[in-house]
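> In case you want the letters, here they are:
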Amino acid sequence: MAEAIVQVHNVTKIYKRDKLEIPVLQNITIDVPEGEFLALMGPSGSGKTTLLNLIAGIDRPNSGSIVIAGTDISTLRESALAKWRSRHVGFVFQFYNLLPVLTAYENVELPLLLTHLSKKEKREHVEMVLNVVGLSDRMKHYPKQLSGGQEQRVAIARAIVTDPTIIVADEPTGDLDKKSADEILLLMERLNTEFKKTIVMVTHDPRAAEKAHKVRHLEKGDLLEN
Amino acid sequence: MKIPLSYNLRNLWTRRLTMSLTIGGIALVVFVFAAVLMLAEGVKQTLVSTGSDDNVIIVRKSAQSELVSAIGRESVSNISTFPEVAAGTDGKPMATADVVSIVNLSKKGTKGMANVPVRGVSSGSIAMRPQVKMVEGRMFQQGSSEVIVSTTVASQFEGAGVGQTLQIGTGHWMIVGIFDAGKSGFSSEVWADAEQLMLAFNRPVYSSLTVKLKSINDFEGFKNRLQADQRLNDLEPKREKTFYEEQSQGMAIFIRVLGLIITIIFSAGAMIGAMITMYAAVANRTVEIGTLRALGFQRRSILAAFLIEALFLSLIGGSIGLVIAAFLEFVSFSTTNFSSFTELAFGFHLTPEIVVSTLLFSLFMGLIGGFLPAVRASRLNIISALRAS
Ligand SMILES: Nc1ncnc2c1ncn2[C@@H]1O[C@H](COP(=O)(O)OP(=O)(O)OP(=O)(O)O)[C@@H](O)[C@H]1O
Ligand SMILES: [Mg+2]
Chain V
1 MAEAIVQVHN
11 VTKIYKRDKL
21 EIPVLQNITI
31 DVPEGEFLAL
41 MGPSGSGKTT
51 LLNLIAGIDR
61 PNSGSIVIAG
71 TDISTLRESA
81 LAKWRSRHVG
91 FVFQFYNLLP
101 VLTAYENVEL
111 PLLLTHLSKK
121 EKREHVEMVL
131 NVVGLSDRMK
141 HYPKQLSGGQ
151 EQRVAIARAI
161 VTDPTIIVAD
171 EPTGDLDKKS
181 ADEILLLMER
191 LNTEFKKTIV
201 MVTHDPRAAE
211 KAHKVRHLEK
221 GDLLEN
Chain X
227 MKIPLSYNLR
237 NLWTRRLTMS
247 LTIGGIALVV
257 FVFAAVLMLA
267 EGVKQTLVST
277 GSDDNVIIVR
287 KSAQSELVSA
297 IGRESVSNIS
307 TFPEVAAGTD
317 GKPMATADVV
327 SIVNLSKKGT
337 KGMANVPVRG
347 VSSGSIAMRP
357 QVKMVEGRMF
367 QQGSSEVIVS
377 TTVASQFEGA
387 GVGQTLQIGT
397 GHWMIVGIFD
407 AGKSGFSSEV
417 WADAEQLMLA
427 FNRPVYSSLT
437 VKLKSINDFE
447 GFKNRLQADQ
457 RLNDLEPKRE
467 KTFYEEQSQG
477 MAIFIRVLGL
487 IITIIFSAGA
497 MIGAMITMYA
507 AVANRTVEIG
517 TLRALGFQRR
527 SILAAFLIEA
537 LFLSLIGGSI
547 GLVIAAFLEF
557 VSFSTTNFSS
567 FTELAFGFHL
577 TPEIVVSTLL
587 FSLFMGLIGG
597 FLPAVRASRL
607 NIISALRAS
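Residue numbers (my numbering), protein chains in the order written: chain V, 1 to 226; chain X, 227 to 615.
Calculated from the structure, these hints are not laboratory results. Some hints here could point you the wrong way.
One side only, chain X facing chain V, incomplete, derived with CB under 8 Å [claimed, not checked]:
| # | residue |
| --- | --- |
| 1 | Lys228 |
| 2 | Thr517 |
| 3 | Phe523 |
| 4 | Leu606 |
| 5 | Ile609 |
These numbers were taken from a predicted model, which means no experiment stands behind them. Here a beta-carbon is modelled for each residue, glycine too, at the ideal position from N, C-alpha and C.
Just chain V, with the same shape it has in the complex:
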């Protein structure tokens, strides 16, 4: 088997609150092969979001290394890390995090503003991914004019428009009703099977975990063996 696309090695994360040190992740090691759809589960406060943030390069470990598609991101300087994120990571948040003053189209286009694509290419990319998530007819709508499920589909379109190396999703169905949640999960599954995307998803929802190939459990900062 080829090298894992995500390699987390001996990662420790400690938060300092006042003078108190809160160890959140202890010596975590996990590999995610390319094309994997991994679900991270565990009780609240176990460190799932923290681990996801480290993999996504928006947080830094206190020790250990995180190598993604051959790049050790724990050594990158801040602006280089930002540039790296724009190329390699697609984010899906629990509360969608769309910019309210931008239309669905503009929200999806946002990550492309950091690329050198031409206007025409940007348009093609945005239209393509909005088509994938089934919202071609809602391009000109503002987030306020969309349902929660639709907003999350726009967010997924935004996450895949740059064709990133990995997609990280933190409880993507956490704020949705059952029907919308099912749609989103189906979409995530399609991204994995049809578009061969590597996905790391944090979830509390057992039905969500069912869609994943693999489920890992975190407990008090430790990754349980399965």
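Dock chain X with the ligands against the given chain V, drawing on the hints supplied.
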């Protein structure tokens, strides 16, 4: 600068209620700022346009205004014969020896009195001052106690219409005409026959002599001839424009300094207002900022976005203030000229320089007000920003 401008504009629009308060504050400050500059410019233009290019005024050395100047009859007749002085249609030299004094008149609509300059002129005066035109009645007669008044004086003072009389010195003077002097300093004056006025005030000497030169280029020769004459060495010739421009300087500087002190105080308030508004905008959009950073936008893009928003805010306010100030062009009023303590009528005048400096000033306020909030926005930690929801 990767974040699109429309993002900033729409955010301003979304928060238009709070934004409009901030914009209003900036507009107010900019209005005051522009009005002060326009006023100073108006004063300057009024006084400068009092002079003509080829006229030379001769006053006592270092006299800042005609009121404190004196020139004797001999000097007047001596200088009038200088070869550089142009001749009129009647063959006589084009020169007018003026005597300038002050009368107290009561302002219309108030109980207050104000100083109005009275200028005694000789017969050639009108010909040398093309900006002065009779609009009503007739010219005063030489050797009589008759006066003409400017349109401004006629409209702003009690009993200053044609057919009415003014008390000047000990006598009563009949108003026989009204003249218009455009935007020049003469437009705040009362004119009478110089000799009669000297009698009335019991003054043996004139205040100034104004001569028209044959050519603008004759000034140096004229000046050298005058300075070479021992009997005239207490006098100083100046181009009329220069003389009146110097008169305006004290006044213009006073207006600018006073106005700038007021605007600085006001602008501190407007900048704090802008700062509060922008801090609130940053606080409201913390999650958005975290999201943008997560997507890969750099700190400097966030900094630029919020700075641009503050600059937009101030530019909108600045433009509104400037547009309102522009309407002052249609307003004219009179105030005391501090260099002579006489009433001076003038208006506001907007120049391209004032437009530019006013807009720069408003941008400066936006920059100062928006800087700290923008820095805070750019320094937010991604994780904590995203958690702020
Ligand atoms: N910025 C921070 N400062 C201090 N402590 C933090 C910070 N972020 C997380 N923590 C702590 O780290 C622990 C793990 O947090 P994390 O958000 O990773 O948990 P989680 O597994 O995602 O929980 P949930 O299921 O509730 O989202 C918690 O105890 C939390 O209080
Ligand atoms: Mg979490």
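> Take the hints in turn and mark each one as holding or not.
Evaluation of the provided hints:
Interface hint at X:Lys228: satisfied, since its Cβ lies 5 Å from the closest Cβ of chain V, which is below the 8 Å cut-off. Below 8 Å, beta-carbon pairs count as interface contacts, and X:Thr517 has one with chain V at about 4 Å; its hint therefore holds. With its C-beta approaching chain V no nearer than about 7 Å, X:Phe523 sits inside the 8 Å limit, and its interface hint holds. Checking X:Leu606 against chain V by beta carbon gives a least distance of about 12 Å; that is not within 8 Å, so the hint is violated.
Checking X:Ile609 against chain V: minimum C-beta separation of about 5 Å stays under 8 Å; hint holds.
Hint 4 from the earlier list is the only one contradicted by this structure; the remaining hints agree with it.
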